[in-house]
Amino acid sequence: MLIKRPSEILPSEITPHGTYLRRREFVSAAGALALGVAAGIRAPAAAAQEGRKIKGFIKSKFSTTEKMNSLKEAAGYNNFYEFGTDKSDPPLYAKRLKTQPWTVVVEGEVAKPRTFGIEELMKMQMEERIYRLRCVEAWSMVIPWIGFEFNRIARLVEPTSKAKFVEFVTAQQPETMPGVRLPVLDWPYIEGLRIDEAMHPLTIMSTGMYDEVLPNQNGAPIRLVVPWKYGFKSGKSIVRIRFVEKQPRTAWEKANSQEYGFYSNVNPEVDHPRWSQRTEKRLPSFFANHKTQLFNGYGDQVAGLYAGMDLRKLY
Amino acid sequence: MRLSERAITGVKSFLFVAALLPLAYLSAGAFLFPDWLGTNPAEAITRSNGDWALRLLLLTLTVTPMRQLSGWAWLLRLRRQIGLFAFFYVLLHVSSYVSFDHVFDVGEIFRDIVKRPFITVGFAAFVMLTPLALTSTNAMVRRLGARRWQVLHRLVYLIAPLAVLHFWWMVKRDLTEPIIYALLLGVLLGYRVYARTRRPLSRAPVAARS
Numbered sequence: 001m002l003i004k005r006p007s008e009i010l011p012s013e014i015t016p017h018g019t020y021l022r023r024r025e026f027v028s029a030a031g032a033l034a035l036g037v038a039a040g041i042r043a044p045a046a047a048a049q050e051g052r053k054i055k056g057f058i059k060s061k062f063s064t065t066e067k068m069n070s071l072k073e074a075a076g077y078n079n080f081y082e083f084g085t086d087k088s089d090p091p092l093y094a095k096r097l098k099t100q101p102w103t104v105v106v107e108g109e110v111a112k113p114r115t116f117g118i119e120e121l122m123k124m125q126m127e128e129r130i131y132r133l134r135c136v137e138a139w140s141m142v143i144p145w146i147g148f149e150f151n152r153i154a155r156l157v158e159p160t161s162k163a164k165f166v167e168f169v170t171a172q173q174p175e176t177m178p179g180v181r182l183p184v185l186d187w188p189y190i191e192g193l194r195i196d197e198a199m200h201p202l203t204i205m206s207t208g209m210y211d212e213v214l215p216n217q218n219g220a221p222i223r224l225v226v227p228w229k230y231g232f233k234s235g236k237s238i239v240r241i242r243f244v245e246k247q248p249r250t251a252w253e254k255a256n257s258q259e260y261g262f263y264s265n266v267n268p269e270v271d272h273p274r275w276s277q278r279t280e281k282r283l284p285s286f287f288a289n290h291k292t293q294l295f296n297g298y299g300d301q302v303a304g305l306y307a308g309m310d311l312r313k314l315y
Numbered sequence: 316m317r318l319s320e321r322a323i324t325g326v327k328s329f330l331f332v333a334a335l336l337p338l339a340y341l342s343a344g345a346f347l348f349p350d351w352l353g354t355n356p357a358e359a360i361t362r363s364n365g366d367w368a369l370r371l372l373l374l375t376l377t378v379t380p381m382r383q384l385s386g387w388a389w390l391l392r393l394r395r396q397i398g399l400f401a402f403f404y405v406l407l408h409v410s411s412y413v414s415f416d417h418v419f420d421v422g423e424i425f426r427d428i429v430k431r432p433f434i435t436v437g438f439a440a441f442v443m444l445t446p447l448a449l450t451s452t453n454a455m456v457r458r459l460g461a462r463r464w465q466v467l468h469r470l471v472y473l474i475a476p477l478a479v480l481h482f483w484w485m486v487k488r489d490l491t492e493p494i495i496y497a498l499l500l501g502v503l504l505g506y507r508v509y510a511r512t513r514r515p516l517s518r519a520p521v522a523a524r525s
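First to last, the protein sequences are chains Z and L.
Per the numbering used here, the very first residue in the first sequence carries number 1; after that it's consecutive.
Per the numbering used here, the very first residue in the second sequence carries number 316; after that it's consecutive.
Chain L extracted, bound-state conformation:
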């Protein structure tokens, strides 16, 4: 399926609005309808931002498999936007942790990062995601050169597992949700390994579908 430039702009605009809905919901809950967020609104906000950051991060990793399986080349043009929204929700997630949980106490935050493994890996994922967001512009791709840019952006294969691990270690007892995210991540990374080993054989059928 080929899309016109106008159609791609339409899809991107739709995605832009959709990706802001979780934030709109939390803002309405925080400022207008306290019932929505319940007794512990700060926790509801931190968790929701973390959930959406993780979901969008995994969504960026589905773009390549989807594109290869469907042959829809235009899917690739959505990836930057999804990635930037993932980073946006990571920023909100980190901000709510810094403000609500630690009230900007830098010493306490530092101790937390050193001492608690789930914070350590979450923070590491945040630190590594930052340069990817900063180098997302076309100008930066040109400055780095496509090759080096790609090597840098392969960091996502480290960031996504760390993000899932962060969730896994945060949970007290019931691992149902982290397990679901881990399985999804396993499929997305497993596909890449599979595609790499199969590439010489599978190129023809994939091309035929486009």
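Only chain Z is shown next, with the shape it has when bound in the complex:
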């Protein structure tokens, strides 16, 4: 028999969930106010300001010479479900995303866990990487990202031998993200890579594109880019990076594991239940007449990571 006992916590004492989620804002706002009053200043320099030009980046040998998409195309058609499921939603609503202050917590199976301020990460030596981006929805673009290899963060925190996978957690700001109020995916958005995939030189943390700080809808202020995997693997607006022993359960796997596997390497031979992956539309082209390549054309660099693996089973 179920015996109901009254809770010892009064309902009036329970912090509303939204307020709880914003607890750090109150603390930092109070801190900023105190600092501001003390120093007579209003706000810190806006390093992550949308559209600010990035200078001093170097060109990379990993860049493709294919024709690039325009900034307008890349910033006008986005899958970022936190801002709505239509691709025109993020360009409309992501303006509200609060990108400062912004920190990235790096923790888990590491010798030196650390919290990075976004300004600190933006001071890293940047590279331009012109990569193909292939979405699981059978379209693709070519985008000049600006960022640095993920393995540089890893070296700073020193992963232990137990670190077999890396989990990437996207920001969850209910006050700026209308989409997270709906149970479309299990929020926050989580993506993951095997440690050797994460450490691969092609895997970058990007803070900009087209010589500018990332537009919010493209994952400002910092995002992951893994060019040989379908686009959804490249998590946007990252706030937490966790080195873990077990394979993370990613947002799309939780939503529909039949359709979205952990690896999700671009592969024309492995059909998706919704889309044939043999060809793609290289936007803004009308026709899906562009042949999809295994590992999105990065096979020379990454095929070795999957030697001996059945890519049909581990899709």
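What the hints contain is simulated information worked out from the structure, not anything from laboratory work.
Treat the hints with care, since some could be wrong.
[To be verified] 20 Å max Cα-Cα, derived SDA-like pairs, lysine to any residue:
{"hint": "1", "chain 1": "L", "residue 1": "Lys-487", "chain 2": "Z", "residue 2": "Pro-188"}
{"hint": "2", "chain 1": "Z", "residue 1": "Lys-123", "chain 2": "Z", "residue 2": "Asn-151"}
{"hint": "3", "chain 1": "L", "residue 1": "Lys-487", "chain 2": "Z", "residue 2": "Asp-86"}
{"hint": "4", "chain 1": "Z", "residue 1": "Lys-123", "chain 2": "Z", "residue 2": "Glu-50"}
{"hint": "5", "chain 1": "Z", "residue 1": "Lys-53", "chain 2": "Z", "residue 2": "Glu-212"}
{"hint": "6", "chain 1": "L", "residue 1": "Lys-430", "chain 2": "Z", "residue 2": "Tyr-315"}
It should be emphasised that the depicted structure is a prediction, and the values quoted were computed from it without experimental measurement.
For chain Z, the structure is supplied; the task is to place chain L on it using the hints.
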């Protein structure tokens, strides 16, 4: 409310122009103003044609309830035109899928129909709608006989649910829009069931309103 022949012609002409507006918009976007259709114009066109096909199909199913509830007999004379426009947008929808998505690769299209349930049901709805469009003329009604024509055209009660299912299964996660269409369809079909069971009782008040 009774309408003169001239007024009915006026309403039909208005409908004709209105039903072409979505196509006009897409054509202008495709050929003159690329900004209108955004980064993935082919997808915008396919989706828009599909949306309008579904909306017009559901609109044909509202004619009978509207006519019975309002008593405006002339509404029935708009149904063929709406139905044909629904088929017109279905044709555009299928054409954009065949050309943009598969670049006329028949083998790939066949595999798609067999393999992907949302394509299977969408294709089935298209195949069933075709004979309805072909038998829409007065001559065909006479040739088939009104009784057989009506039986054939009851296929729409299968086509409309398949069309909604096609949309439902196409959507990746956010089911808001398919749910709205499913609810509308539920009301339209539910009304028919309700009207059938109630007919002996409700005939008098309906007649009184006309």
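Consistency of the hints with the structure:
1. Annotation: proposed proximity of Lys-487 of chain L to Pro-188 of chain Z holds, straight-line Cα distance about 18 Å (limit 20 Å).
2. With a C-alpha separation of about 16 Å, the suggested pair Lys-123 of chain Z and Asn-151 of chain Z falls inside the 20 Å cut-off, and the hint holds.
3. Proposed proximity of Lys-487 of chain L and Asp-86 of chain Z is supported: the alpha carbons are some 11 Å apart, at most 20 Å.
4. Distance check on the hinted pair: Lys-123 of chain Z and Glu-50 of chain Z sit about 16 Å apart at the alpha-carbon level, within 20 Å; holds.
5. Proximity of Lys-53 of chain Z to Glu-212 of chain Z is assessed by CA-CA distance (about 4 Å); at most 20 Å being required, the pair is judged to hold.
6. With a C-alpha separation of about 18 Å, the suggested pair Lys-430 of chain L and Tyr-315 of chain Z falls inside the 20 Å cut-off, and the hint holds.
When the structure is compared with the earlier hints, no violation turns up for any of them.
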